[in-house]
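Trainee: Here the protein sequences line up with chains Z and U, keeping their order.
Under the numbering used here, the residues of the first sequence are numbered 4 to 248, in order.
Under the numbering used here, the residues of the second sequence are numbered -5 to 60, in order.
Since the hints were derived computationally from the structure, they do not count as laboratory data.
Heads up, none of these hints are tricks.
Here are the computed lysine-lysine pairs in the DSS-like style, where the Cα-Cα straight-line distance is at most 27 angstroms: (1) K6(U) - K239(Z); (2) K34(U) - K191(Z); (3) K6(U) - K183(Z); (4) K59(U) - K239(Z); (5) K26(U) - K183(Z); (6) K34(U) - K46(U); (7) K73(Z) - K183(Z); (8) K34(U) - K176(Z); (9) K26(U) - K123(Z); (10) K123(Z) - K162(Z); (11) K46(U) - K6(U); (12) K46(U) - K239(Z); (13) K69(Z) - K191(Z); (14) K191(Z) - K13(U); (15) K205(Z) - K26(U); (16) K26(U) - K231(Z); (17) K210(Z) - K72(Z); (18) K183(Z) - K41(U); (19) K239(Z) - K13(U); (20) K26(U) - K176(Z); (21) K239(Z) - K34(U); (22) K6(U) - K205(Z); (23) K49(U) - K183(Z); (24) K205(Z) - K1(U); (25) K34(U) - K205(Z); (26) K26(U) - K210(Z); (27) K63(Z) - K47(Z); (28) K1(U) - K183(Z); (29) K34(U) - K183(Z); (30) K26(U) - K191(Z); (31) K6(U) - K191(Z); (32) K150(Z) - K229(Z); (33) K239(Z) - K26(U); (34) K46(U) - K13(U); (35) K229(Z) - K26(U); (36) K176(Z) - K159(Z); (37) K34(U) - K150(Z); (38) K49(U) - K191(Z).
Since the model is a prediction, treat every value here as computed from it, not as a measurement.
So you can see what is in the structure, the chains are spelled out below.
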Amino acid sequence: MSACEECGGKLVKADQSEFLVCSECGLLSEIRIYSFSESRSEAKKRKMKKEITYTKILKKAKLPKKYSKKLTDGMLARLKLTAMEQNNSKELRMRIYEMIRTQHKELMNDEFLRIGKAYKNVAKVFLNGNGAEPIFEAIALMYYLRKNNINMSFDKVAKMFNLAKNNLFRRYKEFEERIKIYERQGLKRLVVMKMLGQARLKYLTLKEIALIAGVRHDSARVVQMKIKRMNIVDEKGLMRILVGP
Amino acid sequence: MDTIYFKAMLYKSLLELGKATAEDITAYLLAKGIETTPQKVSQHLIKMPGVKYKKLSYRTIYFIKE
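Let's have the full structure, built from the sequences with the hints guiding it.
Mentor: If you want it as structure tokens, here you go:
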């Protein structure tokens, strides 16, 4: 390695640079270092190969699509830590299934209470407003859990809200019988009915209607926007969408 | 709900729609505030005079007013 042109000091390689720098005066030398061992792109590719990605984990586990959709970000982050150590894809798959099954246990009690409060209006509307607030919240939570395939007993929910189990069960069945009729209709019909001012649906928000139809809030909003874009104002036009082909 | 009122509403909806499936009539009645199921609708309409029906598939029944 040659010396500095100015002071004659020792030249050293600067960090992340192709140039040499004088260790005495800091002058940037014109001498460049060319590495012929591997190009930058090759190094990047090598780094990418080593890196564990979520796609790689899912590929390794040979997980069906319907299950991969159920994985949350938290689950993936946890899988990333241990996934590559496991060589058996079946074991990895079983672990993922277990994670999906037990995901509701991660939810704290506070979270459950929050869900109950958020959807209590659904229970209130379908029970004609007869009952106390905690029972509406408990029924709304129970309905939410059933809709999201999360198993939780009536006993547990009743204890959470300080209610009698039998009372909760009886009121839930009453609620279920009424809401079942609306579940059979698609999201589009439910949204049109809301716009028509249907006796029950007019009191519900789009988020609550999405829960009844079993879809995400975003898709409900898209459907509503599509209907609104048709510029139908009169009742007859909306009825045509409701009953038409 | 009163059966006579229900039947009257059923016939009225069919008159307005002309021809419709049991599902359509159910949706129409629901929009009007009458909670019913397609099964109940077909059960009543099949017996009703002045109503023709045609089975399109094992679960879809088409109702036409005469």
